[in-house]
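S.K.: Could you fit the two chains together into a complex? Lean on the hints.
Note that the protein sequences, when read in sequence, are chains A and B. For the first sequence, this note's numbering assigns the number 1 to the initial residue and increments by one for each residue that follows. For the second sequence, this note's numbering assigns the number 1 to the initial residue and increments by one for each residue that follows.
Honestly, I wouldn't trust all of these hints.
DSSO-like mimics (lysine-lysine), calculated; alpha carbons at most 27 Å apart, straight line [claimed, not checked]:
hint	chain 1	residue 1	chain 2	residue 2
1	B	136	A	361
2	A	177	A	84
3	B	194	A	361
4	B	194	A	492
5	B	294	B	363
6	A	270	B	358
7	B	78	B	275
8	B	78	A	481
9	B	218	B	296
10	A	361	A	472
In case anyone wonders, no lab produced these hints; they're calculated from the structure.
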Amino acid sequence: MAIENTKQQLRVSAAQFSSAGVKPQNEDSMAIKIPDGSLLNRKGIVVAIADGVSAAEAGREASEIAITGFVNDYYSTPDSWSVKQSAHKVLTALNRWLFGQGQRYLEAEKGYVTTFSCVILKSRSAYIFHVGDSRVWRLREGALEQMTRDHTARISASQSYLSRALGIDLNLDVDLKVVDIEPGDRFLLTTDGVHEFLSPRDLLQTLQTQGDNLQAAVESLVQQALDNQSTDNLTCQLVQVEQLGQETNEDVLQTLRQLPFPPELEVGFKLDGWCVLEQIHASQRSQLYRVRHEVSGQVAVMKTPSVNYVDNVAYIERFIMEEWVGRRIDSPYVVKVVDAGPSRRFLYYLTEDLPGPTLAKLLQQQHTLDVPAVVGLAEKLVQGLRAFHRRETLHQDIKPDNIVMKGGDPVIIDFGSVYVAGVDEIATSFEREHALGTLDYSAPEYRLQRPRSERSDQFSLAVVLYELLTGKHPFGEAFQKAGTAAEFLDLKYTPAYRRNPMVPLWLDGALRKALQTNAELRYDSLSEWVHDLKHPNPAFLKVEQRPLLERDPARFWRWAALTLLVTNLLTLGLWLK
Amino acid sequence: MNSGKLNLLDFSNPSIRTLHLTWVAFFITFVVWFSHAPLLAAIKETFDLSQQQVKALMILNVALTIPARIIIGILVDKFGPRHVYSGLLVLSSFVCFLFASSTSYEMLALSRFLLGFVGAGFVIGIRLVGEWFPAKQVGLAEGVYGGWGNFGSAAAAMTLPTVALLYGGPEGWRYAIASTGVIALLYGIFFYFKARNTPKGSTYFKPKKSGGLEVSSKKDFYFYLVMNVPMYIALAVLTWKLGPDNLKLLTAGAATALWIGLAVLFVFQVTQIYKVNSHLFTDPQPESPQQGYKFKQVAVLDWAYFVTFGSELAVVSMLPLFFMDTFGLDAVKAGLLASGFAFMNLAARPGGGWISDKFGRKKTMSILIAGLAVGYLVLSQIDAGWWIWVAVVATMCCSFFVQAGEGAVFAMVPLVQRRMTGQIAGMAGAYGNVGAVTFLTVLSFVDASTFFMVIAACAGAVFVLVQFLEEPEGHMTEVLPDGTVQLIEVS
Chain A
1 MAIENTKQQL RVSAAQFSSA GVKPQNEDSM AIKIPDGSLL NRKGIVVAIA DGVSAAEAGR
61 EASEIAITGF VNDYYSTPDS WSVKQSAHKV LTALNRWLFG QGQRYLEAEK GYVTTFSCVI
121 LKSRSAYIFH VGDSRVWRLR EGALEQMTRD HTARISASQS YLSRALGIDL NLDVDLKVVD
181 IEPGDRFLLT TDGVHEFLSP RDLLQTLQTQ GDNLQAAVES LVQQALDNQS TDNLTCQLVQ
241 VEQLGQETNE DVLQTLRQLP FPPELEVGFK LDGWCVLEQI HASQRSQLYR VRHEVSGQVA
301 VMKTPSVNYV DNVAYIERFI MEEWVGRRID SPYVVKVVDA GPSRRFLYYL TEDLPGPTLA
361 KLLQQQHTLD VPAVVGLAEK LVQGLRAFHR RETLHQDIKP DNIVMKGGDP VIIDFGSVYV
421 AGVDEIATSF EREHALGTLD YSAPEYRLQR PRSERSDQFS LAVVLYELLT GKHPFGEAFQ
481 KAGTAAEFLD LKYTPAYRRN PMVPLWLDGA LRKALQTNAE LRYDSLSEWV HDLKHPNPAF
541 LKVEQRPLLE RDPARFWRWA ALTLLVTNLL TLGLWLK
Chain B
1 MNSGKLNLLD FSNPSIRTLH LTWVAFFITF VVWFSHAPLL AAIKETFDLS QQQVKALMIL
61 NVALTIPARI IIGILVDKFG PRHVYSGLLV LSSFVCFLFA SSTSYEMLAL SRFLLGFVGA
121 GFVIGIRLVG EWFPAKQVGL AEGVYGGWGN FGSAAAAMTL PTVALLYGGP EGWRYAIAST
181 GVIALLYGIF FYFKARNTPK GSTYFKPKKS GGLEVSSKKD FYFYLVMNVP MYIALAVLTW
241 KLGPDNLKLL TAGAATALWI GLAVLFVFQV TQIYKVNSHL FTDPQPESPQ QGYKFKQVAV
301 LDWAYFVTFG SELAVVSMLP LFFMDTFGLD AVKAGLLASG FAFMNLAARP GGGWISDKFG
361 RKKTMSILIA GLAVGYLVLS QIDAGWWIWV AVVATMCCSF FVQAGEGAVF AMVPLVQRRM
421 TGQIAGMAGA YGNVGAVTFL TVLSFVDAST FFMVIAACAG AVFVLVQFLE EPEGHMTEVL
481 PDGTVQLIEV S
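So here's chain B without its partners, still in its complex pose (with noise of 0.2 Å):
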């Protein structure tokens, strides 16, 4: 192991057998946690559901995953990675099998909604990989680990619409699902038994200070909290379209109290945050420059992950049924070409990380944005009228717009504040779902195009905001041709 490179195939290297380990829990969750998205159509025809009930289903999985987030965190600081993981997928498989054999669309919903706490499952895997490889090698791990793991849902687009035809009848999406579970259910044990926390004498360490993000001026911890005001928002729309004035899944009096108990949380956080950060208060020495960092950076990478991440969750969600009513395809065709989507995953998502890092941050990631924003204005004009095929190659050009677009963001990450990593890292990713949250909510009121052309809009609106992204300082040594590592004096 000499060079940044890695060998995948090196299965002697406890290292990479723990990489690998890692990106096959991630990409089961990811399995299970869209399994429904191929096979809606099935779903719909069982329960007779109305199209805005569908669209409700879809939000209801992505919902959770925003506060799941957060205690996923908590968990994994408290019993390890190992631990954690196990328990997730073995957890979730019961989930699956409930889901399985619903008889109500409540019991739909219900499930649906408690399957979200799968897709925190990627919090997890970022830091247990983290703890088995060296700095030199850990962008790339991850953006293995992340890349492969989110192909999860382009596979369970691609197979399940077949295992389902396979078991057969009009209930064979059932069997499909419970077979996801069972699958999470195995490996989950197997994931115990096998991984282990840290390499072989090393200790886990924790971060003493959690539950909120330290920032280094009080200018920023107001930007901070405001910055934290969508994920509520988003949740109480999710609440109020749940409500009795729409889907009535909830009664008057269960919204209401779903309200005060996110404004009690968002106290509770805004707590949380002030206890960490407040010596900015009592303190007034300012911190060194060394040591700050703008939150600026944290707030741009956000929304970009908002736009990316996002959208991608959220078409990969609708584009099989999409594909299906608008070109009249059966399940398993429709499934098949919307993986397409989620195909790229596997190359752009670290191919993101790796241009970044090679020709500027700001640079790619404005012209990832950019190309993501034409991307999804192609994407508003598909009608019956185009070839399918020319349909799937927007798709997949759209989307490596897309995943690069998130690599990106990745890359960029550990360089905001490389102490902070994970919290920053959880952040960005909890934006990912609010944005997934977002544009399925608007979907749940708007048709397809205008679907895309708003994600679009947004993409135009983060572009402008990435124009604040100030570059990270560059390298601050060099290495002459004889060898000799010089410092670059930085006036």
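Looking at chain A on its own, in the form it has when it is part of the complex (with noise of 0.2 Å):
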């Protein structure tokens, strides 16, 4: 059931031009990736273009982000995810993460804002994703056509806005177009520089007189529409079609997904090269094993499905999910998906191989950890966490197990939980269930039902970190037993301090932030948070100095009213008197 190589490849040739024209900077951006091999097949060929907006500050690196973004997170899907899901799932993430770095500017218009439009050729298809001006073009058998509509809106004769663009709104609404191509077939891909300053006419018979010179073609265009006094940012793609795939690939996508299930592995069995060394954990949800490959050599760790979920059709997309959520995240503190190679039969995924300790063991040896060595493992957690961050998803599992020592470096593992935003949660049919597992280590608003965010991980590590300093809750068994927002405020938060006479007061005030139930009293950010962890922040110094009426206002009112009633019994009395 693996993938062959074909005799017959899709085959193209291409080229691009992008120029800064008379503007001191260039907001277009780029890229055409022809993959070859096997991903070629599964993945095809991705001509991308974005024009970031001018009016915004950030239109370059807007677009940038756009191209390079799409085009390393497009062939990191999983194999098993048809060219639609792929690209729609990326265009979501990249467009809430654009969306996200908009939100900063207090001013709307300086977001981050680009069009975006591609052409993705796989088998016998053109798959064209575009939103927003740019423009894509076919030219077949002397005609040229106009693929996408523009989304503008047009104010007055010489005024248009953009009304639809990446980064703009939380919701994304991309037009696709799927046709079939020919040998022959070319794309044009244009910004406005181009297309506004050059009618279809002229693009049509530049594109005829220069012929199979498809370099020549992108610069003539691109400074005939200089000539035409271009005021802005001009980028120009063109792509032939030279040779068609293979006709059956959307089928193999379809048979990869449905991999059987590997059985229960023995010592000594081989599955796909991998020699299976020992069983290391087995759940009621996978089973994880430590394998090495025939060849090579390489030890890894092989996580394979139960069969308890062999007809769940949501827990299988999530399976394959996790291989993918691990293959974009890169930090020396994640665990690194390793690459099981081109054929495989079974459906499984590997990791690397850590030596460990986990910490959780280490924490059963040591009973607790020193300070130095705690707040130097925060730092490299935070990064790996950051890792995570950067791209949209939450671990949502950090806990002492799920960290492992690699050397003197913690690394984060587990793949299992993760969410990521814009990507819809594919485990449809289940929910999670509140308050009835072990959650010492999950931020209250999961049990709460309110949103989770980058915060929710910043809670489980504090956690994490305080029981390295004191070996123990922080709130205590009462933590596993809240469950709504009145048990919460009534946690009682016992001072790493006085379980660990040698953890600072600055430390634990640290620690004490980014453990507050009310997600939206902790950090802002993790870089904040590691900052306050490494260096003595004076506001947690005077902790004991704060008055009565924040420390406990409970006890003051109870005082006040108290007060109030006896002088105001005594007031009655002389006054009757």
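M.R.: In structure tokens form, the structure reads like this:
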């Protein structure tokens, strides 16, 4: 069931050219990626163009993020995903990221906004994704056809606005067109700096006169637009289909999704060249084995799905996504996904083999770690978490069992609970149950059904750090039982320095802030937190000197009311006398 | 934990600890549930009951279990196995006390009826054990759980008459039953503090759709509806039995109210089932064959459980009294000998699953059902002229087939549709209770010999049904001598 390398592969020739024109900066970005081998069969060729919106300060950056982000992420999507699904999910995630960046500016027009158009050529089809006012054209048998519709709103004869683009809104509406391709078809992608200043007839004429010299064609188009007083950046891409790929790729993907589950593996079993050394763990949901490659000798950890879920589509999709998430995240403090090789005949994935021990083991052996060691771990773990968050991904299951030591460095493992913003939550047949499992490390918002965020991971990591310092949970047993907002408010935080006198006041302050049950009150950013973990923050040093009203409002008001009552009674008594 | 074997003595392993905790809980529910059977003679004497009244008590004991399973299932989804199991044990202890201190037949009947709820404890443990064991071990673990727990009825039959004697006097049975209540109460509390819903660090998931089984075609939808009818018929017949025409425990008004209630419940269930399966009617696109399953498989397993577990519950209830009457034994001896029937649970139930996995499911099931049909035919011939030991050996042989059959049914349940194992197991379990109610109702009309023959006839019918069972797909992989895992190409 492996993907065979076929004799006939899709072949194209391509050229692109971009110029800042009369503008000081080129805010356009473009990319053409023609992968080889099985990747070409599975994912096809990407030709993408983006025009950072000139009104936007960060236009250049936005278009660049859109293009590089799209190309990288698209090719790391799981093999099983269709072109449509992959591109859609990647674009949704990109849009959220850009929108989030834009929110940092107070004025909306300074946001990260960019148009985006791309053509993905795969086997015998072209998938055209489009949002904004860049254009995709197709030249076939001497006729030039515009394949996209500009998303602009014209206000007057001279003024028009982009009505749709990446980064404008949280909701993204992308146009998709799928067309069959034939040998000789050409696709032309242009930004408005080119097509606003050249008529379709000019375009057609240039393309025809230049013939097979694609590079000359794009350069000549840009030059002509410049000659016509183009006021914008100019970018132009051209691909020509030379040979079609084989027909049945989409079917191959379908069968990939239906890869069989591996059977229960025993020591000595060999799966696609990987030999099982031992079983590390087995749970109701999955099995973990340590495996070694027969040829290369590389040792890795193999995760296989549990046969309990063999007919659960949602579980399978989720399992496939774990590998994808792992491939997207690149940090020395996050476990790496190992490439399983080209011919996988079963559903599983591989991660690097970490010597260990886990932090949980370490805690068991040593009870507590000393303060400098914990601060050192914290800094690295935060870096690991940020690698997740940069990809709009939440780990959601930070706990001592999921952090493994690799030499002196902690490494975060397990993508089993991750949440990727923009990618629909795939596990639809199961919903997370509240307050039933052992939830020592998960933030209150999960149990209160409130929105989760990067701050939820911050909370979990803070619980872990607290435990490393003291061997105990910051809120004690009661934390597991709490289920309502009121119960969470009633939880009593025990300062870390009370359990471990070596913990400085300010360090406890930094932990305490990350451990707020109300997510709003935690650190805005992880970097701020790391700073506070490493440098004494004067704000935390005078904790004890805060007024009673702030420290214990209930007691303050109780005493105030009592005093008032007494004085009132006194007054009444005096008055009556 | 490197193989499919379980090391049951490895108490440092939290999964094994949980398994032991859970089967003991199930064991105690069974002791409580069948505490009356070996003591019926004494109870009969205390209240001067008629033969009919005694038989009614037996039926009442298994009646409430049918709806209780559904309610317990919902509670487990909502609160988790730990709370529900300990809650069930603690509550049942009070009903035990009520039964023990009864002053009238009505009170006896009511408390026995309420104790039927305890019989639903099985469902909770199945769920809990499922959370704690990986796929490779879960079959065996649940066999241990089911088999050893069911053994509770044998334990009750063996010990309670002696316990009653130790307390002494004609009222000794009251103290014996109250003792089981005390045990349930204490263990319920112990369970609450010791058991956990999931291994440390896992999250407890609950199925999104509940209330009905998902089926794969319109035909199966109607089939499923029809398969629900016997449960209501069983309860309706029971109401009639207790009504003014028969035992006069219920007034005419109450009986009518119950019938209406049953009808309403049925309509409600149909709407629930429709809700879960409405896509079959709105969405014309047929599901891919890989997603679907044949409801036929579920139906056959249901009927197989009807005749195996149903007959076991019925026989366990009546056997001590049967031995006393037939051979003129005293309560202690009769209880001890009758316990032979449930005794086989320890090995037969897990064994049935194992044989079924090894030698083909359909063949195993056919042989076991045929075996139990013959077994019950033999039992129907027992009379005072038999040597007692031959009778005991006969019951034990028969019970081997019965319980191995139960094991074989549950070994096959997960293979029908993995995703819905819990629901399918629940439905089979309910059918087991329908069987018990049916057989005990039959017993209330006829003598023991005819009763055994009826079961044998039912088994004969189920044997025919089993022939419609389809052998689940075999493994798609094979392992070559050098360890390479190879795919078998299925055409």
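S.K.: Give a verdict on every hint.
M.R.: Outcome of the hint check:
{"no.": "1", "hint": "B:136 <-> A:361", "in the structure": "holds, 26 Å"}
{"no.": "2", "hint": "A:177 <-> A:84", "in the structure": "holds, 10 Å"}
{"no.": "3", "hint": "B:194 <-> A:361", "in the structure": "holds, 23 Å"}
{"no.": "4", "hint": "B:194 <-> A:492", "in the structure": "holds, 25 Å"}
{"no.": "5", "hint": "B:294 <-> B:363", "in the structure": "holds, 19 Å"}
{"no.": "6", "hint": "A:270 <-> B:358", "in the structure": "holds, 24 Å"}
{"no.": "7", "hint": "B:78 <-> B:275", "in the structure": "holds, 20 Å"}
{"no.": "8", "hint": "B:78 <-> A:481", "in the structure": "holds, 15 Å"}
{"no.": "9", "hint": "B:218 <-> B:296", "in the structure": "holds, 13 Å"}
{"no.": "10", "hint": "A:361 <-> A:472", "in the structure": "holds, 15 Å"}
Of the numbered hints stated above, none is contradicted by the structure.
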